[in-house]
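Trainee: Here's the letter readout for the chains.
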Amino acid sequence: MREIIVISGKGGTGKTSLSGAFAHLNRDKIICDLDVDAPDLHILLAPKVIFEEKFISGNEAVIIQDKCQACGVCAEMCRYNAVSIRDERYMIEPLRCEGCKVCVTFCPEEAIDFPSRYCGNWYVSSTRFGTMVHAQLFPGAENSGRLVSILRQKAREKAKEEGSDLILCDGAPGIGCPVISSLSGTDLAVVVTEPTPSGLHDLQRVADLCSYFKVRVAVIVNKFDLNPEQTSLIEDYCRKNNHELVGNLPHDDMVTKAMVERKVITEMKDSNMAKMTGNIWANVLALLN
Amino acid sequence: MIISVASGKGGTGKTTVTASLAAVWKKPIVAVDLDVEEPNLHLFLKPEITNEEKTYLEIPVVDKSRCTLCRICSDLCQFQAIKVMGETLLTFPEMCHGCGGCLAVCPEKALTPGKRELGTLSQGSFADNKLFLMGLLRVGEAMTPPLMEQVKKRLLKIMENNRKDVIIDAPPGVSCPAVCAVMDSDMILLVTEPTPFGFHDFKLAWESFSPIGKPMGVVVNRSGLGDESVYAFCEEKGLPILASIPYDRAIAQGYSKGHVVARLSSELENRFSDLALAIQACDCEAGHA
Chain A
1 MREIIVISGK
11 GGTGKTSLSG
21 AFAHLNRDKI
31 ICDLDVDAPD
41 LHILLAPKVI
51 FEEKFISGNE
61 AVIIQDKCQA
71 CGVCAEMCRY
81 NAVSIRDERY
91 MIEPLRCEGC
101 KVCVTFCPEE
111 AIDFPSRYCG
121 NWYVSSTRFG
131 TMVHAQLFPG
141 AENSGRLVSI
151 LRQKAREKAK
161 EEGSDLILCD
171 GAPGIGCPVI
181 SSLSGTDLAV
191 VVTEPTPSGL
201 HDLQRVADLC
211 SYFKVRVAVI
221 VNKFDLNPEQ
231 TSLIEDYCRK
241 NNHELVGNLP
251 HDDMVTKAMV
261 ERKVITEMKD
271 SNMAKMTGNI
281 WANVLALLN
Chain B
290 MIISVASGKG
300 GTGKTTVTAS
310 LAAVWKKPIV
320 AVDLDVEEPN
330 LHLFLKPEIT
340 NEEKTYLEIP
350 VVDKSRCTLC
360 RICSDLCQFQ
370 AIKVMGETLL
380 TFPEMCHGCG
390 GCLAVCPEKA
400 LTPGKRELGT
410 LSQGSFADNK
420 LFLMGLLRVG
430 EAMTPPLMEQ
440 VKKRLLKIME
450 NNRKDVIIDA
460 PPGVSCPAVC
470 AVMDSDMILL
480 VTEPTPFGFH
490 DFKLAWESFS
500 PIGKPMGVVV
510 NRSGLGDESV
520 YAFCEEKGLP
530 ILASIPYDRA
540 IAQGYSKGHV
550 VARLSSELEN
560 RFSDLALAIQ
570 ACDCEAGHA
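Protein chains in written order, with this note's numbering: chain A, 1 to 289; chain B, 290 to 578.
FYI, nobody ran anything at the bench for these hints, they're computed from the structure.
Incorrect hints may have been included.
[Stated by the list, open to error] Listed below are the simulated SDA-like cross-link pairs for lysine to any residue, each with C-alpha atoms no more than 20 Å apart in a straight line: (1) B:K492 x A:N121; (2) B:K492 x A:F138; (3) B:K446 x A:E52; (4) B:K492 x A:L95; (5) B:K404 x B:K316; (6) A:K257 x B:K546; (7) B:K315 x B:A570; (8) B:K372 x A:T105; (9) A:K257 x B:P535; (10) B:K546 x A:N81; (11) A:K48 x A:T127; (12) B:K442 x A:L95; (13) B:K546 x A:F138; (14) A:K257 x B:E347; (15) B:K492 x B:I447.
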């Protein structure tokens, strides 16, 4: 079984539009949206949920007001400034609480509860392009790395069940916790970038991260015609660092038109973009063999 | 006042708006890049960096001669960062959240503070005395909030001696790093684009940031693209649209060359000057509410 993840470093370079098209182009695969924070792939694929489960992760501290003697130990010990005082009452701000249990442990009155946190939901769905595993964290929630690994594990189970040999993942922007969690054991990272100073800067960091985790990198320059000089800089960088160049795509308003129609770019008839995207996908698959 | 520029979806124009506002801002200002995974603001403001230092998280180091394997520390740790394996207490530094619980709870004083590198904190200036701060996450480091807190701490120190306005370039998404970035600001400026992806993530951002209880304003970037959903939502929720930036290839090309968009034409400069005034007016209204 092979796993491909589409990432970018910088947000908004076209990860999801391309992931949707790749999902259309490849018959047998499991689709997996690993951007659990601000997922968008479901907008194009209109999944019908077959299975749903709560994502419960970690705990949060809650002061039991009747027991609290306002001694202030919790506020002294908390490294996250999560304890605040309002009207002489100690409170814990849920958005700042890290769930470390230090205040619970040191409270002399045993006045702090530590319930588990319900952080979001995850789903297995059917789409017109096949089975999709996805999730939505609740606003402000944390621990997206753990949710990402749950999704990947579920995707592998589904792939075995259905006998598909490919898992296609749409990743998150950045280089932090969710991206790190989505890289381990991945065969190929397809990095979508754009010919801007931010595009190159962020590509370098995410490619370094992939190298750190020994994941092979393939690069697509989206909207390459916006700045051909900057595109050349990106291509030079890739050649020097042995990252594969799998093709460039021009800027095309059709991408937004497709999105508004809730279609992927390869579903748009008579489009040059569709053909070019097909070639890029063939290049990506060739790297897996 | 402290303004944070956030978006939900990546690539909608946070950095474009932050750099432009910082450039046209008339009063003393500190521009802060809190997108520590992929900071880009420096690529446009081109600050002269005067101070650069590594920042660290406090993690435990075991003194084996003192440890009695009592497991009080490992029972407390919520992050599987310290565990007894066989006859040894082992630490897993990359899992540690730096809560200090194990150090405080050890009855044998067998744990001493060590450190894990989080990244780099840079300080500098641009455009005659405007200040610049940036956090740059170490590639391979998973946790962003600790570094963001260090950047904020430095900001507070700067503000101690000299009150200034602050503009924060926040990370994309709506989970813990994004909330951490906008939490302590006086106003949240949401940058969106009128596409299905942009609108979907904009709603998530609105849901996520509403409980913080700070005034919010909206900048619609690439207006004219996509559909009308963003406008209808803003009207329904009473969210003021403080500026629109037209969808224009010349702007995209300017950005791709590393230019500050407000400097591309006098028309754009006026738009951002008007936005700066509208933001200050929001601050006054909130102050007198």
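Trainee: Against the earlier hints, flag every one the structure doesn't satisfy and list their numbers going up.
Mentor: Of the numbered hints given earlier, those the structure breaks are 3, 5, 6, 10, 13, 14, 15, listed in rising order.
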